[in-house]
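For the record, the sequence lines run as chains D and X.
Under our numbering, think of the first position of the first sequence as 0, with each following residue one higher.
Under our numbering, think of the first position of the second sequence as 0, with each following residue one higher.
There could be a bad hint or two in this list.
The list treats identical chains as one, so a pair stands whether inside a single copy or across any two.
Capping the alpha-carbon separation at 20 Å, the derived lysine to aspartate or glutamate pairs in EDC-like fashion look like this [unchecked claim]:
hint : residue 1 : residue 2
1    : 189       : 29
2    : 81        : 5
3    : 32        : 5
4    : 189       : 60
5    : 180       : 124
6    : 189       : 146
7    : 92        : 193
8    : 92        : 1
9    : 180       : 49
10   : 2         : 171
11   : 189       : 136
12   : 92        : 184
13   : 189       : 5
14   : 77        : 196
15   : 77        : 49
16   : 100       : 193
17   : 189       : 12
18   : 81        : 146
None of these hints come from the bench; they were simulated from the model.
Protein chains: 2
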Amino acid sequence: MEKPADTQFPIHDLLSRRWSPRAFAERPVEPGKIQRLLEAARWASSCFNEQPWVLMMATVDQPPEHVKLLSCLVEGNKVWAKRAPLLMITFAKMHFDHNGKPNSHAFHDVGLAVGNLVVQATAMDLVVHQMAGILPEIIRTSYAVPDGYEPVTGLAIGYSGDPSSLPEEIRERELAPRSRKTHQEFVFSKTWGETPDIL
Amino acid sequence: MEKPADTQFPIHDLLSRRWSPRAFAERPVEPGKIQRLLEAARWASSCFNEQPWVLMMATVDQPPEHVKLLSCLVEGNKVWAKRAPLLMITFAKMHFDHNGKPNSHAFHDVGLAVGNLVVQATAMDLVVHQMAGILPEIIRTSYAVPDGYEPVTGLAIGYSGDPSSLPEEIRERELAPRSRKTHQEFVFSKTWGETPDIL
């Protein structure tokens, strides 16, 4: 199943094809593709090149590890994410290495790294569903997370599957149209709320 | 000038070619390309699809606006960013629209939107230099930023220029090799610090 963005101006195929499905095929993610996902995250930009991201990963071919990572998600996500063959938790290092001060861009830069990973995934016909619905305290305990790191998101990664495999309520969300704010709602020039001439 | 990532595993060209130069050509960014940059940001994913990003933009063909946006950057960035024909400030809406509660993923999701913009830029032969070095209080005043929004970054966007146009100290940074952490430093499985078998 594909669900391309209904764009007002043309954008690159790797961006318009990206979406966040909940139905995954049984096919595992090849190790070589996982390496390339991780490499893509690695080359994101970051404030002071601090690279404040950490990725904890589990694959379905190691069932105890897959179950352990799945247990870090809220119930509403477990229901469908259990079929994703590759799961990750992302973390942000909240202080700079170079001076120990708080890094207010840590979460932002995790977003940049995950964004890279998602582009690479799309280029390899994989899909990624990012989840804010995670259980930080369980994550801290399960993975012995050191002080100074915050869990940010969960990632469910795999090949797109058949929406009919999903429970009814989730299937409806899977098939609902995609929507976004208008440009007028988020792009300004001159002052707050003023739309640029080009829009 | 190009400065592709020295990758350990192959990644998509749009990710390996991306870098953050400080030298810009005089050529302005075509309005049609600006529209596509904004559209790319628009289609990023976000927590609850809240799209907590706002972009304030200024182009060099409106000099007072360009100068106004430039004045929101720290001195070290103004020196080179003044030659970028398209400047932006990004903002995060810190509370959810749907329930008024704090959105802890606001900065993260701005990162995803900017990541999309950068991919689209790279696909159109543009370069983007993201800057944490901004002046939040000046931004708030200059643009009448409402409560509840935080300035996140500045973006300098344009066509790549000749590094020899830069002051010497900046030119050295422009020509320095790119570096990243090893995978072993940020990818774990089973528990914190343990490297997955595939790496």
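Now for the hints, and whether the structure bears them out:
no.: 1; hint: 189 with 29; result: between (49 Å within a copy, 19 Å between copies)
no.: 2; hint: 81 with 5; result: neither (29 Å within a copy, 35 Å between copies)
no.: 3; hint: 32 with 5; result: between (28 Å within a copy, 18 Å between copies)
no.: 4; hint: 189 with 60; result: between (54 Å within a copy, 13 Å between copies)
no.: 5; hint: 180 with 124; result: neither (27 Å within a copy, 27 Å between copies)
no.: 6; hint: 189 with 146; result: between (42 Å within a copy, 18 Å between copies)
no.: 7; hint: 92 with 193; result: between (36 Å within a copy, 17 Å between copies)
no.: 8; hint: 92 with 1; result: neither (35 Å within a copy, 30 Å between copies)
no.: 9; hint: 180 with 49; result: between (32 Å within a copy, 9 Å between copies)
no.: 10; hint: 2 with 171; result: within (14 Å within a copy, 45 Å between copies)
no.: 11; hint: 189 with 136; result: between (44 Å within a copy, 17 Å between copies)
no.: 12; hint: 92 with 184; result: between (32 Å within a copy, 12 Å between copies)
no.: 13; hint: 189 with 5; result: neither (28 Å within a copy, 40 Å between copies)
no.: 14; hint: 77 with 196; result: neither (45 Å within a copy, 25 Å between copies)
no.: 15; hint: 77 with 49; result: neither (32 Å within a copy, 22 Å between copies)
no.: 16; hint: 100 with 193; result: neither (36 Å within a copy, 26 Å between copies)
no.: 17; hint: 189 with 12; result: neither (32 Å within a copy, 35 Å between copies)
no.: 18; hint: 81 with 146; result: neither (28 Å within a copy, 40 Å between copies)
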